[in-house]
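Q: Here the protein sequences come in this chain order: P and A.
Each residue of the first sequence is one higher than the one before, counting from 1 in our numbering.
Each residue of the second sequence is one higher than the one before, counting from 1 in our numbering.
Among the hints, erroneous ones may be present.
Claimed, not checked - Computed, partial: chain A to chain P, Cβ under 8 Å: (1) P56; (2) D60; (3) D159; (4) H182; (5) P191; (6) P194; (7) E220.
Hints in this document: simulated from the structure, not taken from any laboratory.
If you're wondering where the values come from, they're calculated on a predicted model, not measured in any experiment.
Glycine is no exception: its CB is placed at the ideal position from the N, C-alpha and C atoms.
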Amino acid sequence: MNRPDGPTAQRWLNGHHCAVAMAFDLDGPTGSDMIAGTIWDRPQFFTQGAYGPWLGAARVLRVLAEFEVPATFFVPAWIVEKWPEVCQRIVSEGHEVAHHGYRHEKFWDLSDGEQAEIIDRSQETFRHYLGTTALGFRTPSGDWTSGTPQLLVQRGFVYSSSLRGNDHPFFIEGSGGLVEVPARSALDDYAATAYTVDSDWPSGGDRIASYPATMQRWIREFEGYHHFGGVMSTILHPKVSGSPGKVQIIRGLLRHMREKDDVWFATHLDIARRWRTNEETQTC
Amino acid sequence: MLTASLTNQWPEGASSSIVFTVNLDAELGILAEAPDAEDRMKTLSVGTYGATCGVPRLLDIFDEFGVQATWFVPSDNLHTYPELVANLLSAGHEPGNRGSNLIMSPDPMADLAQAQEEWQRRFGVRPSGYRIPRGQFSPDWSTRLPAHGITWTSSWDGDDLPYRHPGADVMEIPWHHQLADHGYFVFNLDPPIPAGSPRIASPDDVLVNWLWEFDAADREGACTVVSLNPETVGTPANSMMLRAFLSHVRDSAAWVATGGEVAEHWRELAGPNDPRHPIEVYVRERRAEDNAHV
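Let the sequences and hints guide you as you build the complete structure.
A: Here it is in structure tokens:
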């Protein structure tokens, strides 16, 4: 799979060297503090999270439009209920919306029944507010239980983008055909520029990284995919990367990637579908 | 929703606004993190440095660039450092209420009132702005602020423009961690502050982050809020970073103003908060949560 001798066209990518699937997790203030109820004593923390759907997402959309790059937004359904307009705008501007729990629940702590309830309730919310249902799923915080992939397949989901274990898509074994489009933690803005207090992130108080160094690091990640092939999937958060200055990191990354003419920019759904089609025709 | 849709929102055609806030915490910041530092002179002196070197250096730099800042001073430091406070007031800076110290108060509004009395008693002024010293400001307290002479706060996040407290005639000027120097620079080896002993950031990196934030916010017409701690930004090297930043701001068309000036300007200009505003969603959803548990 690795081709150290130089960029090689990927057959399944119609001759492109790699694919870029920009992904934004529009978590807002959802997550452990909301589920535990502690967020209601933390208005500063809440407003910092709500900055994402309120302002950050609009800035991200502007940058995506500037470079004509499609993206996937993984949105907890609670966010769709509270900020439907920005979520509708995501859809109307041609991006994909996909599942990310109802309030960013940790699925590995939940029974199959509890997981199914969250997925079904979220799908109903998507249908009601956005007039569409999702075919993709990113597990909040990544980890799931052995039953999760089957629950997704039974409900018509095409893919997940939850794992880290490869540079290319792959089938989740035993799921009945769920495609995994793995993401990379090095392309998670929590590992670079996120900073909150009470609740603390990073827990040890590490510093916000240099914006230009972060941009350069993400460009290096892209160049790695461009060299070896594969699908680059990000884990960016509008509440983190949507500030006036931090969205410039994304602009710089997109500008760099757009200079190549052998890169396929696509949503996770389009990538998952093409990969599955290719696998199926190959095995005939 | 994006600020670019508003034009001429700052006085005299300024492109954006920028507020420099200073938290004059000195030893109180260290003591809040490590109470046993009372008897640990090295650790305590990490805070003392803000008073001995940081404040005079900041006052010189602000003077050089003609900047009037808002200084949030815990009222315990009005006793400990009366000359520094007198100096910043006589230089025309704006005083701000930061409670009495940085220990979490069981009743932050009583603490605020007591600090306000100390300002009045010792310096004959009553600050109009408040930044909560520890913990998070509850909108339940907003209606109690005007009685103490507080007309604006800088305690929340959620926006790049000022906004209104729900249900009270009080403005909020939100601040952001990426524009606060303390989180980049604070360091004590033992006891470890920050807890994970991260490497200290390079002032060059912090400068560039701030320039990226300011330049983009300036293009959008937003309100940039810089938060400074004299203990950390007041060192020779870091203060040179601040000078470079101020030099850049001076060359822009931004309105450099105190928190009070921006709050009053925005109070006149802006309508009610959008129902989707983070603070409105917070108040609404918390109420729904409370009702669900009744």
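Q: For each hint, tell me whether it holds in the structure or not.
A: Results of checking the hints against the structure:
no. : hint : result
1   : P56  : violated, 27 Å
2   : D60  : violated, 27 Å
3   : D159 : holds, 7 Å
4   : H182 : violated, 10 Å
5   : P191 : violated, 13 Å
6   : P194 : holds, 2 Å
7   : E220 : holds, 6 Å
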